[in-house]
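Asker: First to last, the protein sequences are chains A and B.
For the first sequence, this note's numbering begins at 5 and goes up steadily by one.
For the second sequence, this note's numbering begins at 6 and goes up steadily by one.
Source of the hints: derived by calculation from the structure; they are not laboratory data.
All residues carry an ideal CB built from backbone N, CA and C; glycine is no exception.
Some hints could be false.
Claimed, not checked - Pairwise CB distance ranges (calculated):
#1 K8/B / K216/A: 55 to 61 Å
#2 D314/B / R124/A: 55 to 61 Å
#3 E247/A / G7/B: 27 to 33 Å
#4 E128/B / L126/A: 36 to 42 Å
Said to hold, decoys possible - List of simulated lysine-lysine pairs, DSBU-like, C-alpha gap at most 35 Å:
#5 K217/A / K67/A
#6 K55/B / K174/A
#7 K297/B / K49/A
#8 K222/B / K41/A
#9 K297/B / K215/A
#10 K290/B / K41/A
#11 K135/B / K222/B
#12 K280/A / K196/B
#13 K223/A / K330/B
#14 K16/A / K49/A
#15 K139/B / K49/A
#16 K280/A / K222/B
#17 K297/B / K235/B
#18 K67/A / K216/A
#19 K41/A / K297/B
#20 K69/A / K196/B
#21 K330/B / K290/B
#22 K55/B / K306/B
#23 K317/B / K328/B
#24 K213/A / K67/A
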Amino acid sequence: MSKSSATAGKDKTMNVVVVLKQVPDTESAIRIAGDGKSIATEGIKWIVNPYDEFAVEAALRLKAKHGGKVTILSYGPQRVVESIRTALAMGADDAVLIGEDDIESSGRLQLAKAMAAAIRSLNPDLVIMGFRAVDNDMAQRGPMIAEYLGWPHLAFAVSIESDGNQVTIKRPIEGGSVTLESTLPALVTLGGSHAVWNPRFASLPGIMKAKKKPLAVKKLSDFGLDPAQFAPGAGKTRVISLEMPQERQPGRIVDGGLDTEGKARELTRLLHEEAKAI
Amino acid sequence: MGKSVCVIAEFRGGDLRRVSYEVASEGKRIADALGSDLCAVALGSGIAEKAAELGRYGVKKVYIVDDPALENYLAESYVPIIADIIRQCDPAAVLLSASVDGKDLAARLSARLDVGLVQDCTEILVEDGKIRVKKPIFAGKCFAWNEWIEGAMPLISCRPNVMQCLTLSEDQRAEVERVDIPVPETRSRFKSMDLDTSGRVGLSGAEIIVSGGRGMKEAQNFAMLEDLAKLLGAAVGASRAAVDAGWRPHADQVGQTGKVVNPNVYIAVGISGAIQHLAGMGTSKYIVAINKDPDAPIFSKADYGITEDLFKFVPAFTEEVRKLKSTCS
């Protein structure tokens, strides 16, 4: 085999950026803060948004296959460093934190612009992130960032493959799935679940190593952005109030001393006559 | 009359999707409240005849781009075209479905048009000429009311199966205007579509869901739930524990990291009710819990609770439903 065909068959190494958001633990009970417009954060445990954790896993698998580098990009206050270290402990190489405390309150479009500027400075082949965050559940940051980068994006992937030149994903749609591909650079958002991605845990040596991995804290001005345009309230929408879901009426235990068949009959009757649902 | 309200319709396989009727109906309600007309945008291949059917829901005019290259949704080709049409008609508000493709389209469109988006809304109000929307956050553990700053155009995606479909007139046709915008060259490509033809009821949109959890013990025991679901015309769901154990495909997972569902009846079998699961199904109209542990948190959410061994109860319940169905038909 000639040298040229050997290199042609070899995958390119890849520079992958994973965009990571820190969110309240999904175990958290949610309470409304005193202002009526935000969530009370006292006592909240913060975690890596699960879908972004899938993205870290997917990026590490691509790196294992192709070589290259995985960089974590996140934003927000100092507490976010802990989530970034989690991703570094899983095996990511380095990280950038846009260390602006209030950047989320500058609105979603502004935040996506800032992320796009940071990504440009990192010059990756591929950006991977969750298709939604489990807090505000807007499912929009990925496509917005891709638009500002002028890149294609493939959303809601449950599988991702790449040869370093292009990326192929599978994406569930209502009643089936589709397969999409794109040349690089591109942005991919991940759907799926823990069972699909099975993200690795950080090992103890991984945690030790993570402490020494490079983590650059940057300001908006480092990306040539004007901080004045990222002030709180620069968004086009605003939350006017939060409300808790209606409390459900206390349920009824179907018992009344009935045996199994009796309870089955009674449940069927209730669903048929009372709920009129079957 | 003020600027029109605009809805973006969704086609698949040459047919309008039901979610588009919901969005058109909601759009009509908002247009009426604002004292304006309703128009629509639709992209696809061979869609002109079908697009006119939006007239049933009060759409006066549909702008279509009809091209074989638009047969399947691809963000990179759809977004520039739809953005162009929206710029030209300068609407008072734009609505679309928070379907898989709709949410993706809305997000990118928002950045392209520099307009504010609220995704997955479950309620839209018009008060003093201002639009306000409600959306679930934290998978329904809480709800947020949003509004737009002065002068900003609302872009709203509506959660499927929540907004009511209201047919104004079966034979009312919308005027169809073909818009001449070339399909852009793209770096991304649509490769293939694989539709599930098994006839199983999908989770999203199911009227009844029978869901199994850790208490099911192993994959083959879900056959019991499949039988019950078939009788009820229901979809089969699963808790994260059941999916993580490999008993069910990930697409069946209900919860904060799975699907959020709101069927008429949710039957939770062998599910203890972790907070993430409760978030994903808490808006179901009726909740039935079948669990042998009387202290399981699921009972605090259930309208009807059965404290029984599921392996005894589910067959008995299935038998009763079978009897009921045979007497009803």
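Asker: Check the hint pairing K139/B with K49/A against an upper bound of 35 Å on the C-alpha distance.
Answerer: Holds. K139/B to K49/A sits at ~26 Å (cutoff 35 Å).
Asker: Does the structure keep K297/B and K49/A at a Cα separation of 35 Å or less?
Answerer: Distance of about 31 Å is within 35 Å: holds.
Asker: Sort out whether K328/B lies within 35 Å of K317/B, counting only the CA atoms.
Answerer: The hint holds at about 17 Å.
Asker: Does the alpha-carbon distance linking K16/A and K49/A stay inside the 35 Å limit?
Answerer: 39 Å, violated
Asker: Do the alpha carbons of K290/B and K41/A lie within 35 Å of each other, as the hint requires?
Answerer: 27 Å, holds
Asker: Against the 35 Å threshold, does the CA-CA distance of K280/A and K196/B hold or violate the hint?
Answerer: 44 Å, violated
Asker: Is K297/B close enough to K215/A, meaning Cα to Cα at most 35 Å?
Answerer: Cα-Cα ~47 Å, so violated.
Asker: Are K69/A and K196/B close enough, with their CA atoms no more than 35 Å apart?
Answerer: Holds - the C-alpha atoms of K196/B and K69/A are around 24 Å apart, at most 35 Å.
Asker: Given the hinted pair K135/B and K222/B, is their alpha-carbon gap at most 35 Å?
Answerer: 52 Å, violated
Asker: Is the straight-line distance between the alpha-carbon of K223/A and that of K330/B 35 Å or less?
Answerer: 65 Å, violated
Asker: With a cut-off of 35 Å on the C-alpha distance, tell me whether K67/A and K216/A pass.
Answerer: Holds: K67/A and K216/A sit about 20 Å apart, inside 35 Å.
Asker: Please work out if K55/B and K174/A have their alpha carbons no farther apart than 35 Å.
Answerer: Answer holds: K55/B to K174/A is near 29 Å, not above 35 Å.
When each numbered hint is compared with the structure, violations occur for hints 8, 9, 11, 12, 13, 14, 19, 22.
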